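Model the placement of chains F and X on the given structure of chain A, informed by the hints.
Protein chains in written order, with full-length UniProt numbering: chain A, 1 to 668; chain F, 1 to 668; chain X, 1 to 668.
For the record, the hints were derived by calculation from the structure and aren't laboratory data. Just so you know, these numbers come straight off a predicted model, no measurement behind them. Note that beta-carbon positions come from the ideal geometry of N, C-alpha and C, so glycine has one too. Any given hint could turn out to be false.
Said to hold, decoys possible - Pulled a few chain F residues facing chain A out of the computed Cβ check, cut under 7 Å:
hint: 1; residue: THR44
hint: 2; residue: PRO47
hint: 3; residue: GLU49
hint: 4; residue: GLY50
hint: 5; residue: GLY98
hint: 6; residue: LYS101
hint: 7; residue: TYR102
hint: 8; residue: GLY103
hint: 9; residue: SER346
hint: 10; residue: ASP358
hint: 11; residue: SER625
Unchecked claim - Restraint ranges, calculated between C-beta atoms of paired labels, are given here:
hint: 12; chain 1: F; residue 1: PRO557; chain 2: X; residue 2: GLU21; range: 37 to 45 Å
hint: 13; chain 1: X; residue 1: GLY560; chain 2: A; residue 2: GLY246; range: 54 to 62 Å
hint: 14; chain 1: A; residue 1: GLN172; chain 2: F; residue 2: GLY98; range: 30 to 38 Å
hint: 15; chain 1: X; residue 1: ALA96; chain 2: F; residue 2: ASP169; range: 55 to 63 Å
hint: 16; chain 1: A; residue 1: ALA220; chain 2: F; residue 2: GLN277; range: 25 to 33 Å
hint: 17; chain 1: X; residue 1: GLY560; chain 2: F; residue 2: GLN277; range: 48 to 56 Å
hint: 18; chain 1: A; residue 1: SER67; chain 2: X; residue 2: TYR167; range: 32 to 40 Å
hint: 19; chain 1: X; residue 1: TYR520; chain 2: A; residue 2: GLN131; range: 57 to 65 Å
hint: 20; chain 1: X; residue 1: TYR520; chain 2: A; residue 2: GLU650; range: 38 to 46 Å
hint: 21; chain 1: A; residue 1: GLY246; chain 2: X; residue 2: ALA445; range: 42 to 50 Å
hint: 22; chain 1: F; residue 1: GLU90; chain 2: X; residue 2: THR413; range: 48 to 56 Å
hint: 23; chain 1: A; residue 1: ARG547; chain 2: F; residue 2: ASP380; range: 28 to 36 Å
hint: 24; chain 1: F; residue 1: ASP530; chain 2: X; residue 2: THR413; range: 49 to 57 Å
hint: 25; chain 1: F; residue 1: GLN277; chain 2: X; residue 2: TYR520; range: 49 to 57 Å
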Amino acid sequence: MSQLYYGVAYYDEYMPEERLENDISMMLDAGINVVRIAESTWSTLEPQEGEYNFWHIDRVLDAMHRSGIHVIIGTPTYAIPAWLASKHPEVMVTTASGQQKYGRRQIMDIVSPVFLRYAENIIRVLLEHVQHHPAIIGYQLDNETKHYDNVGPQMRQQFIRSLQQRYPDIRQMNQDFGLDYWSNRIDNWQDFPPPESTINASLGSAFAAFQRQKVTDYLAWQSGIVAEYKQPEQFITHNFDFEWRGYSYGIQPRVDHFAAAEALTIAGVDIYHPSQQQLTGREIAFGGAVTRGLKQGANYLVLETQAQGFAQWTPFPGQLRLQAFSHIASGAKMVAYWHWHSIHNSFETYWKGLLSHDFSANPTYLEAKTIGADFARLSDTLDSLRQENEVAILISNQAMEAFNWFKPGDAQTNVYNDIFRRFYDALYDANIGVDIINDVDQRSARYRVIVVPALYAADDALLNRINRYIEAGGQALIGFKSGFSDQHVKVRSERQPGVLNQSCRVSYSQFVLPQQVGLYSCSDLQLDPDEPVDLWMELLTADDDARVQVLARYQHPAWGEYAAITEAEYGAGKALYLGFLAGKPLITRLVERLSGKTAAQQFPLITRQVVNKAGNRLMFCFNYSATAARLSLPQAAEEVLQGGSVNAGEEVCLAPWGVHIYQFTPGD
Amino acid sequence: MSQLYYGVAYYDEYMPEERLENDISMMLDAGINVVRIAESTWSTLEPQEGEYNFWHIDRVLDAMHRSGIHVIIGTPTYAIPAWLASKHPEVMVTTASGQQKYGRRQIMDIVSPVFLRYAENIIRVLLEHVQHHPAIIGYQLDNETKHYDNVGPQMRQQFIRSLQQRYPDIRQMNQDFGLDYWSNRIDNWQDFPPPESTINASLGSAFAAFQRQKVTDYLAWQSGIVAEYKQPEQFITHNFDFEWRGYSYGIQPRVDHFAAAEALTIAGVDIYHPSQQQLTGREIAFGGAVTRGLKQGANYLVLETQAQGFAQWTPFPGQLRLQAFSHIASGAKMVAYWHWHSIHNSFETYWKGLLSHDFSANPTYLEAKTIGADFARLSDTLDSLRQENEVAILISNQAMEAFNWFKPGDAQTNVYNDIFRRFYDALYDANIGVDIINDVDQRSARYRVIVVPALYAADDALLNRINRYIEAGGQALIGFKSGFSDQHVKVRSERQPGVLNQSCRVSYSQFVLPQQVGLYSCSDLQLDPDEPVDLWMELLTADDDARVQVLARYQHPAWGEYAAITEAEYGAGKALYLGFLAGKPLITRLVERLSGKTAAQQFPLITRQVVNKAGNRLMFCFNYSATAARLSLPQAAEEVLQGGSVNAGEEVCLAPWGVHIYQFTPGD
Amino acid sequence: MSQLYYGVAYYDEYMPEERLENDISMMLDAGINVVRIAESTWSTLEPQEGEYNFWHIDRVLDAMHRSGIHVIIGTPTYAIPAWLASKHPEVMVTTASGQQKYGRRQIMDIVSPVFLRYAENIIRVLLEHVQHHPAIIGYQLDNETKHYDNVGPQMRQQFIRSLQQRYPDIRQMNQDFGLDYWSNRIDNWQDFPPPESTINASLGSAFAAFQRQKVTDYLAWQSGIVAEYKQPEQFITHNFDFEWRGYSYGIQPRVDHFAAAEALTIAGVDIYHPSQQQLTGREIAFGGAVTRGLKQGANYLVLETQAQGFAQWTPFPGQLRLQAFSHIASGAKMVAYWHWHSIHNSFETYWKGLLSHDFSANPTYLEAKTIGADFARLSDTLDSLRQENEVAILISNQAMEAFNWFKPGDAQTNVYNDIFRRFYDALYDANIGVDIINDVDQRSARYRVIVVPALYAADDALLNRINRYIEAGGQALIGFKSGFSDQHVKVRSERQPGVLNQSCRVSYSQFVLPQQVGLYSCSDLQLDPDEPVDLWMELLTADDDARVQVLARYQHPAWGEYAAITEAEYGAGKALYLGFLAGKPLITRLVERLSGKTAAQQFPLITRQVVNKAGNRLMFCFNYSATAARLSLPQAAEEVLQGGSVNAGEEVCLAPWGVHIYQFTPGD
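So here's chain A without its partners, still in its complex pose (with noise of 0.2 Å):
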């Protein structure tokens, strides 16, 4: 695995056509080294129950082979065919809008007995056909594996166990999670209702904890099986995705994409974004920031991702490579397209590969041929890449899960991400590199600064750990309803922001939604004249202590003598306190202010560093524009990409959508 891959979906089994070895030669010619395949296809390796089919993957993976082309085999389970359903109904999943009919992927149980075995006996006997086959570098657990909005029997009962073992006496449920309020009190495990229609955050929030907890141990139960059978060499990945919004917009809550990840033997991915005018490189890096951080900053593959996709996502020429290397600068090892070729029928006919429908060489196709030959040339030089961030976002599937039940005002989306990429696209668009974690601990004392948003529900043990983070010389900036409930969703009685008090050495007892507010500065903190202040507003009061500082309050009629933002020493760190959704300039200065650094360039211009594994330091120059960016160089480097040398304070043009790669003169 010490190269850097380029690969694509390939479905062998949707082609109307002959298309093998067209397909292999065109794949040779772009420098595809990988193909993925399987992950669908179910139904075509055992039409009937116990009758298996292997011509597709045999010829695929035996003409692969002979071009030298890699294969991941996929796990074939996350679409069931028609005949499991028809023959066992009960493996739909069961929603909370009843049970499910057949018809899309991602519908099954996946608590169900009867479709666990199918699924085992499926991948027994795939895997035991193929697991010898030299081609084969890998395999892919499922995909894209959620638990499907399950609240069927099965996921009811076995979370009602898992409470009672929790809970050997049901009163300190009924306290922990307040189910006194509105007569929902349990006296007798046997009156559970479901917990679908609970109205209780507490109950619900445990609840879809107890269904990531099921994904978690549904691909670790995968990952057994095919460790049974992979080479020591293979590895064992799943393609993770994130919150959709027509694309990869945030933290998936329907997956702890950190504990399913001990599962794997390196992590995967897939990452959609906007595209055309509207690529920024956002997702990109805030997804590649969440994988990385799966494995403790290894690299990680980008199994999917579009090469034409939908028809506003059909890249504008230069797009595609500026997607390709802002992959890699992010961690990648690996960048794949979904998928090889456009489909014919049914529901993803107008999300296109990298090739159209007629498979001819299209300007995109013609684009990947490029990355392809830059890919082969410098793998050495960019495969396993090293990031050194100084700064982290600490996320939680918890506090998200909880906040989400409690949306200010009308807000209906995931709100929770809606504030993580407030914060996340703030320090993107300085430029500032960032890692995504979801705990503090020892290890988090190499960032200079950790950056905590809407941290809403939290044991004591995590709210102390920051508060030592900060204590041994850490800086945080901690953001608006960060502390405000326990673990159980249970609001904490003692004051805001609970524990975190001891080091943000601020409180509140009152919040408002913000409507003509601005702030106005009581520091050396500069403010922007329109300064927003959007979605959520506490009304802060610094401790009576010197050693905290209000930087800016409100400014409104009523609410102005209340802090809006405080800084505090504590211990040898410092703890910014944020009291409301700041807008990202100001996300930025506050982080800035911590780090006591600032970059020379931000959006449009966005430039990455890292370190490659010959201990080599590397800039990415990306111009997320249509107009041509300038930049000067901090030192003497070499460009990798187009070649040439430049000379350190050279001013360098970036072209609409170009990418550089400098590599530093070592000692320079």
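Then chains F and X, alone, in the frame of chain A:
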């Protein structure tokens, strides 16, 4: 009951920690003299069938009594325990979208014999236990009872039985409801189709009326049970609510407040309203007027209103006082907050009480202390205030239901309430004191003006009583669509507006939606240049009769010949007919034209004139704005809140969101 | 049938009081010479199973006959009686949202043997009873029959059976529909999944076509029954309707009008349209063109259109006349209102008839009297008018269904109809007479121009016939997305637009959504500066062939090299290809470029040229605006409505919403 009450709902059951003595101490500081308990705590009272637990009830009753705080006991029936739903799934209500799942409150079938049996038992057990406790001043039946869109088999069968009794000859029902249309005839009771899927507005409205009747019956049944236990001096009330649009917006369609109130000894209500910059007092006033009307003008209890409430409701300094005295000015003798402490789990965590989650003395609590002190000091002056309004608005559940079957154009809201609020708000803003009535009868003669908005469905008798009221010297402003259909929602085949043509002397057979249309005056009525014509527009023709004059016509190329507003003499009275939804200023002018009176002030400066039990005249002055306001007093008076005397004609100044109460010098 | 008919739907059953003689007298005054009865009155005819009541039918037939008014009998089957639903719940249709509850009309399962048995019985009983009555001129089968989204077990099983017959080898179905995708293969008929939840557009479109086929079968079955009873001179018709957007908007997706019309002796239709300021005549014209096309240009019946209709439709003075003569100009030989009297109960109370609820002579009725008089006077001149249009638009239910599976961007509407209306309206507004066709064959040679919008799914044979039409000298305007997929909705893997590339000499493999894009001309085609590029945008490349020229390209930084409109010579004809949705003026210019003709007037002044049965040429002139309009006559003519002669070149004036009909002097 001869004092002002200042109260809170109190849930010892929901407390995350021991608080009782602390809470009582803070209550006493704030002048809280009544708490409401028990109303949603069935599962705590009866954690398993037949097992009872009075621990919370007893300790709260005893502690309150020791501190001199009164207690209202709510029957706990509006949120059922999980074990009841688990044991008897049939108690869950069935609506048009199916049988509801356990979780929310208010989802039981209030006509289910099983539910009624269990509900009766817990009421009797509770009352048996507490009935002699001296802290108790009264009982609240259930809470915000409605029919919960019940279309279950019991409701349906009882409805059909009621029709069988009403229609010994089924053919008459077919005739009254017009069931021949689209082959909907029913010639055999056993073929009666599901009423919830009917497309027949007559049948649908009859079913809705029956559903409301079942709420009336249910409350009367609970009242009967409570009456067996209560002491003679204890009251029976209910907490009515209103059509909800994120706050109390209009007349409640799912209860007939007037009919249901017959089971009560005193009316009660909850009123929630916009706050901060959107605080207007309108909901406090109309909600009070409705509730006052339920018992012929008697004082009522505000059993719930917001202290802090939602984030967007957190009151500006001064607003909590403004709200409290506005309730009193409307005739309330109790102002009670929902609720004492903010809840730490479940659904209403962000519906904050007087205390925040940290139980400390926040700014809202501190303001409440001033109210409690004023209530105590002024109880004699402000208790049992009497209104002497000269204008009444006639409302009708029947008309609302029928009209909303036929919403004009693209309207999606409860249009009847939109219209009601337009009329009500116009008069409120103009400081015209208004009562709400649900019938016109001999007692109505005391009103100088009756306003009749959208009385879409009414029997001949009511329309004739309106005519008689006018004939006898009353003045009426009759709104569009009044009189259009009969009590079966059968459109009248006489000329429109049916029976009201007699008094209004106007008719029409066509109507349109207003589009690019204005008004022009053809009388002494002053019209603004941009007077709006909203929602609906009847093409009126005045009778060929000298006793009717056209006040205004439509400005429109096609409809310019038609009258828009007419004025008719009828007997000793006068009838204005308004063929469209007018803007608030024009509505005000029309009512002032009838009453002959114009108030000196208008919104945001609101004045309310009342008489107290000593017979003194009081004037409340409310500044519903963020800027100071001035007014001159018509006569010498004493300001009772801050103290001090004012001479006739002297100008006084109200602070932003300020309130003054003037007691006029008798004889002055 | 050699006369003009002026009619109303008449429901003696719905009357709140005895009206028959009064009504007939008012009808005679208004020139009403035909009434349609019985079509929704099953429950009145058969109040209980096997009990029949002909009272209303008999008295209406007799009374009408005495007065010389003709009667159309509708079979009463489109609204079933409550007893049938009660006795046989399985007759209620099952849709994707479950089995429907009784209430609305048109919710029966038209493939249920039980329903068909009862329907056949009531049709036979009724026809047996009335068949010899001399008042009857014809029969209407059912009403607005559609498949009602039927996915019930009968529909599903019959569909699967039809596929079994079509596909003796199930593997061919998998291949045609591309079922391998997402593991949707079906290798055993008994595993066939619910067609309504499929995500496969090929399977979904095949099911929709089958549902439409069942409507065709149902009407043919009713026609067969009626034919057993009807007299030779009596007609059989059906009342087709259109895609509904609050009015008749476009092609009906739930019936194949052309196939279903084969069971009729004369086509019938209902057309409802915006009115007042929004009255344009467009729906009258396109609805007429579709209905005229069902029987190769023959005259048709407008069985329903609005008299007063909804409040927003109440006609301005003059509009009812304008509408009536617009129908006649399109080829109608009957204009009938739905309905005579406004209904006093139920659902359509505000869908008013010619009379309001008070049955008096309102302004709309008074205007109808002038129409009735003109129809009677001019029957000989205006009956059986013939169109001689040179332009046709090709429509396709198959293409609509398939295209709507893949709506561009965020589109939610029936996009096919949006496109159809853009093309149709452009030609209507430019006074280009248009026919609607659903195939191209030898008879198509009579058209100078055929317009082909969005022919997304079509077999090779149809595309080849289009090529042959052009080759033989025809001219075609081919719209974007035409030819893209085959009859199985499998995208072609040849270069796009597939077979049409042969005549259009243009191809593309990429397409985008238009965003900030314009057009620039690279030919003699004139373009406005702000010419819109809507909905979709194909990146076209003209073949390297002198016989094709690029007329316009896109103005866009990335796509400027691609063609937007091309023009090709092919054989003796010409093909314009339009790669995007153009604005109406550009569509008009392209059609005029092909036809070589430009009309002297344009909307709102609409002219229609026709030939009457005497062979005289007539020109209808319609002023669809609120301001008077002028035009010069091309030749001497006689105005037949008001009377009087006009010389060639003389200018005449049309009143607002006015209509003139000129008969040209033969030989002039």
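Taking the hints in turn, this is what the structure says about them:
1. Proximity of THR44(F) to chain A holds as hinted, the smallest CB-CB distance being about 5 Å (cut-off 7 Å).
2. Checking PRO47(F) against chain A: minimum C-beta separation of about 4 Å stays under 7 Å; hint holds.
3. With its C-beta approaching chain A no nearer than about 10 Å, GLU49(F) sits outside the 7 Å limit, and its interface hint is violated.
4. Taken as an interface hint, GLY50(F) does not check out: its beta carbon lies about 12 Å from the nearest beta carbon of chain A, beyond 7 Å.
5. The criterion of a C-beta within 7 Å of any C-beta in chain A is not met by GLY98(F), whose closest approach is roughly 10 Å, and the hint is violated.
6. A least Cβ separation of about 4 Å between LYS101(F) and chain A falls short of the 7 Å threshold, and the interface hint therefore holds.
7. Among the interface hints, the one on TYR102(F) holds; its C-beta lies about 4 Å from the nearest C-beta in chain A, closer than the 7 Å criterion.
8. The beta carbon of GLY103(F) is positioned within 7 Å of a beta carbon in chain A (closest approach about 4 Å), and the interface hint is therefore held.
9. Hint on SER346(F) holds. Least Cβ distance to chain A is approximately 4 Å, under the 7 Å limit.
10. With a least beta-carbon distance of about 5 Å to chain A, the hint placing ASP358(F) at the interface is held under the 7 Å criterion.
11. Contact between SER625(F) and chain A, as hinted, is not supported at the beta carbon level, the nearest pair being about 11 Å apart and thus beyond 7 Å.
12. Evaluation of the 37 to 45 Å hint for PRO557(F) and GLU21(X) yields a pass: the beta carbon distance comes to about 38 Å.
13. Distance hint check: the CB atoms of GLY560(X) and GLY246(A) are about 27 Å apart, inconsistent with the given range 54 to 62 Å.
14. For GLN172(A) paired with GLY98(F), a C-beta distance near 34 Å keeps the hint of 30 to 38 Å intact.
15. A beta carbon spacing of about 41 Å between ALA96(X) and ASP169(F) contradicts the range 55 to 63 Å that was offered as a hint.
16. Separated by about 54 Å at the C-beta atoms, ALA220(A) and GLN277(F) break the suggested range of 25 to 33 Å.
17. In this structure the hint that GLY560(X) and GLN277(F) lie 48 to 56 Å apart at CB holds, the actual value being about 51 Å.
18. Distance hint check for SER67(A) and TYR167(X): the Cβ-Cβ separation is about 36 Å, which falls inside the suggested range of 32 to 40 Å.
19. Evaluation of the 57 to 65 Å hint for TYR520(X) and GLN131(A) yields a pass: the beta carbon distance comes to about 60 Å.
20. Checking the proposed 38 to 46 Å range against TYR520(X) and GLU650(A) shows it holds: the Cβ atoms sit about 39 Å from each other.
21. Checked against the hint of 42 to 50 Å, the C-beta distance between GLY246(A) and ALA445(X) comes to roughly 47 Å, which is consistent with it.
22. Between GLU90(F) and THR413(X) the Cβ separation comes to about 43 Å, which falls outside the hinted range of 48 to 56 Å.
23. Taking 28 to 36 Å as the suggested C-beta distance range, the pair ARG547(A) and ASP380(F) does not conform, at roughly 53 Å.
24. Under the hint 49 to 57 Å, the C-beta atoms of ASP530(F) and THR413(X), about 35 Å apart, miss the expected range.
25. In this structure the supplied range 49 to 57 Å holds for GLN277(F) paired with TYR520(X), their Cβ-Cβ distance being about 51 Å.
Of the hints listed earlier, those the structure fails to meet are numbers 3, 4, 5, 11, 13, 15, 16, 22, 23 and 24, in rising order.
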